[in-house]
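Student: Going line by line, the protein sequences match chains G and C.
The opening residue of the first sequence carries number 1 in the UniProt record's numbering; numbering runs sequentially from there.
The opening residue of the second sequence carries number 1 in the UniProt record's numbering; numbering runs sequentially from there.
Treat the hints as calculated values from the structure; they're not laboratory data.
All the pointers check out, no bait thrown in.
Within a straight-line C-alpha distance of at most 25 angstroms, the following computed DSS-like cross-link-like pairs (lysine-lysine) qualify:
{"#": "1", "chain 1": "G", "residue 1": "K221", "chain 2": "C", "residue 2": "K73"}
{"#": "2", "chain 1": "G", "residue 1": "K6", "chain 2": "G", "residue 2": "K91"}
{"#": "3", "chain 1": "G", "residue 1": "K73", "chain 2": "C", "residue 2": "K221"}
{"#": "4", "chain 1": "G", "residue 1": "K87", "chain 2": "G", "residue 2": "K44"}
{"#": "5", "chain 1": "C", "residue 1": "K113", "chain 2": "C", "residue 2": "K6"}
{"#": "6", "chain 1": "G", "residue 1": "K246", "chain 2": "C", "residue 2": "K246"}
What the simulated footprint calls covered on chain G by chain C, stretch by stretch (three residues with Cβ under 8 angstroms from a Cβ of chain C suffice, anywhere in the stretch; the number is not a length):
{"#": "7", "region": "183-190"}
{"#": "8", "region": "252-260"}
Which residues of chain C face chain G? A partial, calculated answer using Cβ under 10 angstroms:
{"#": "9", "residue": "G156"}
{"#": "10", "residue": "S167"}
{"#": "11", "residue": "G211"}
{"#": "12", "residue": "A213"}
{"#": "13", "residue": "K214"}
{"#": "14", "residue": "T231"}
Even glycine gets a Cβ: it sits at the ideal position worked out from N, Cα and C.
Protein chains: 2
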Amino acid sequence: MPTETKIGFIGAGQMAEALARGFINQNMVEAEHVFCTDPVEARKEVFRSFGTVPVDGNIAVAEAAEVIFIAVKPQYVPVVLREISPKLTEKHLIVSIAAGVTLAVLTEAAGPKAKIIRVMPNTPCLVGETAAAMCLGHGAGSADADLLQRLFESVGRIFRVDEKLLSAVTGLSGSGPAYIFLVIEALSDGGVRAGLPRDVAQALAAQTVLGSAKLVLETGKHPGALKDMVTSPAGTTIAGVHELEKAGIRAAFMNAVTAASARADELAE
Amino acid sequence: MPTETKIGFIGAGQMAEALARGFINQNMVEAEHVFCTDPVEARKEVFRSFGTVPVDGNIAVAEAAEVIFIAVKPQYVPVVLREISPKLTEKHLIVSIAAGVTLAVLTEAAGPKAKIIRVMPNTPCLVGETAAAMCLGHGAGSADADLLQRLFESVGRIFRVDEKLLSAVTGLSGSGPAYIFLVIEALSDGGVRAGLPRDVAQALAAQTVLGSAKLVLETGKHPGALKDMVTSPAGTTIAGVHELEKAGIRAAFMNAVTAASARADELAE
Numbered sequence: 001m002p003t004e005t006k007i008g009f010i011g012a013g014q015m016a017e018a019l020a021r022g023f024i025n026q027n028m029v030e031a032e033h034v035f036c037t038d039p040v041e042a043r044k045e046v047f048r049s050f051g052t053v054p055v056d057g058n059i060a061v062a063e064a065a066e067v068i069f070i071a072v073k074p075q076y077v078p079v080v081l082r083e084i085s086p087k088l089t090e091k092h093l094i095v096s097i098a099a100g101v102t103l104a105v106l107t108e109a110a111g112p113k114a115k116i117i118r119v120m121p122n123t124p125c126l127v128g129e130t131a132a133a134m135c136l137g138h139g140a141g142s143a144d145a146d147l148l149q150r151l152f153e154s155v156g157r158i159f160r161v162d163e164k165l166l167s168a169v170t171g172l173s174g175s176g177p178a179y180i181f182l183v184i185e186a187l188s189d190g191g192v193r194a195g196l197p198r199d200v201a202q203a204l205a206a207q208t209v210l211g212s213a214k215l216v217l218e219t220g221k222h223p224g225a226l227k228d229m230v231t232s233p234a235g236t237t238i239a240g241v242h243e244l245e246k247a248g249i250r251a252a253f254m255n256a257v258t259a260a261s262a263r264a265d266e267l268a269e
Numbered sequence: 001m002p003t004e005t006k007i008g009f010i011g012a013g014q015m016a017e018a019l020a021r022g023f024i025n026q027n028m029v030e031a032e033h034v035f036c037t038d039p040v041e042a043r044k045e046v047f048r049s050f051g052t053v054p055v056d057g058n059i060a061v062a063e064a065a066e067v068i069f070i071a072v073k074p075q076y077v078p079v080v081l082r083e084i085s086p087k088l089t090e091k092h093l094i095v096s097i098a099a100g101v102t103l104a105v106l107t108e109a110a111g112p113k114a115k116i117i118r119v120m121p122n123t124p125c126l127v128g129e130t131a132a133a134m135c136l137g138h139g140a141g142s143a144d145a146d147l148l149q150r151l152f153e154s155v156g157r158i159f160r161v162d163e164k165l166l167s168a169v170t171g172l173s174g175s176g177p178a179y180i181f182l183v184i185e186a187l188s189d190g191g192v193r194a195g196l197p198r199d200v201a202q203a204l205a206a207q208t209v210l211g212s213a214k215l216v217l218e219t220g221k222h223p224g225a226l227k228d229m230v231t232s233p234a235g236t237t238i239a240g241v242h243e244l245e246k247a248g249i250r251a252a253f254m255n256a257v258t259a260a261s262a263r264a265d266e267l268a269e
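So here's chain G without its partners, still in its complex pose (with noise of 0.2 angstroms):
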């Protein structure tokens, strides 16, 4: 059943566009229930064309939705936020997707009536498939975060952490896609030194890294005792995993999460 709040969205880019289809397609709002506006009259003409409601600025907005995505980019998240701030009541709820943007900058922007939450996606929100996490601030309570919940779920997956672990997350899943693209890639000229055509060792690269991400959600089962269940003894996977381990590639992607957390934590302060 649609939760009859209504949403807006103040910018409306491509995440806030993969949110807004994503809560639609999976019934979690009805269309006309969402609001947004956008300086670029293009984008409203998109969310226009599935049926939401674009509105024009960043009052209307709030106005119209108490529920208010903040899908600017970070520098102008404060700006927007106390142009907004004289219309803003209890009954609303602030959801930053900015990266950076502490909850001590949203509260002090936004003013102290509007309940705010932090969320980091990341991009595969574009397909339904987010990993992300949210850290309530001012005001919010468990209420809120079940309604983020049940709206994240529906493009994706969402965890409730701390803000401090924020940085972290950013490190992980934030930054992760391009890792991946990168193994894509990676795995995608393997194939074609080992003689397959570009096009289909690509379409085998990206198909296995889905799949096998697919078989850790879905059964559970710790990725190490998966791996150990597809090597057989003097066989070609152990062969291909101990040239990740010569590389130190383990090493190499916990060095990828903390020095992109290390730099989330530089860009916060």
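Once you have looked at the hints, place chain C on chain G.
Tutor: Structure of chain C alone, referenced to chain G:
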């Protein structure tokens, strides 16, 4: 519309079960048109539980079905084929999913009548997302290839390649799940290193891997282009990517695929 073709499984292990369930769930074949045998009675009971028809012995499968999946361990494949050989006709299509058993060996053991196809699936078949390849052997034509294409698209994706490329496929998609399990474990470790609880880190890691691969498959964009789209100047993601490049992970994955592929060549000799 389900095919009228009767499908048999010699060997009713996990991969056979994943295939049979996929074909039936996707309405490719009716359960009562699927036959199987296995020396382990419990496996036959599993197959009976979803409506298929267990029979006693390999010859009974050959008598009941036209498309026969050979899903026993590689060393038993020639034995099984020699046993059923007297029952095989021009209407039979033998589909071997055994690694390293060549078309020449299959043809020699099955005799001159049956049509033969080799398939290299991978374990995400168990969750309906296999990345597979097939090569046509003795007597098999485009109608047989089309049938296998339809069947396998109910449990993932399949590509047609020359037999000489099956080792490359083995090195990439056959062995690839193990590489990705290792990546998911390492990303989880990175998340834990950065402060996340283990369960959140592993779920974010696996979901990020799944979503990123789906983004490659559904957008059809080059993984390099997708990587570029998410790497902001001096941002978190490029900091993580830098660590992966410092460790040479591209070469490591290419080495993994080529080493596993070379091992597959050795084993097929």
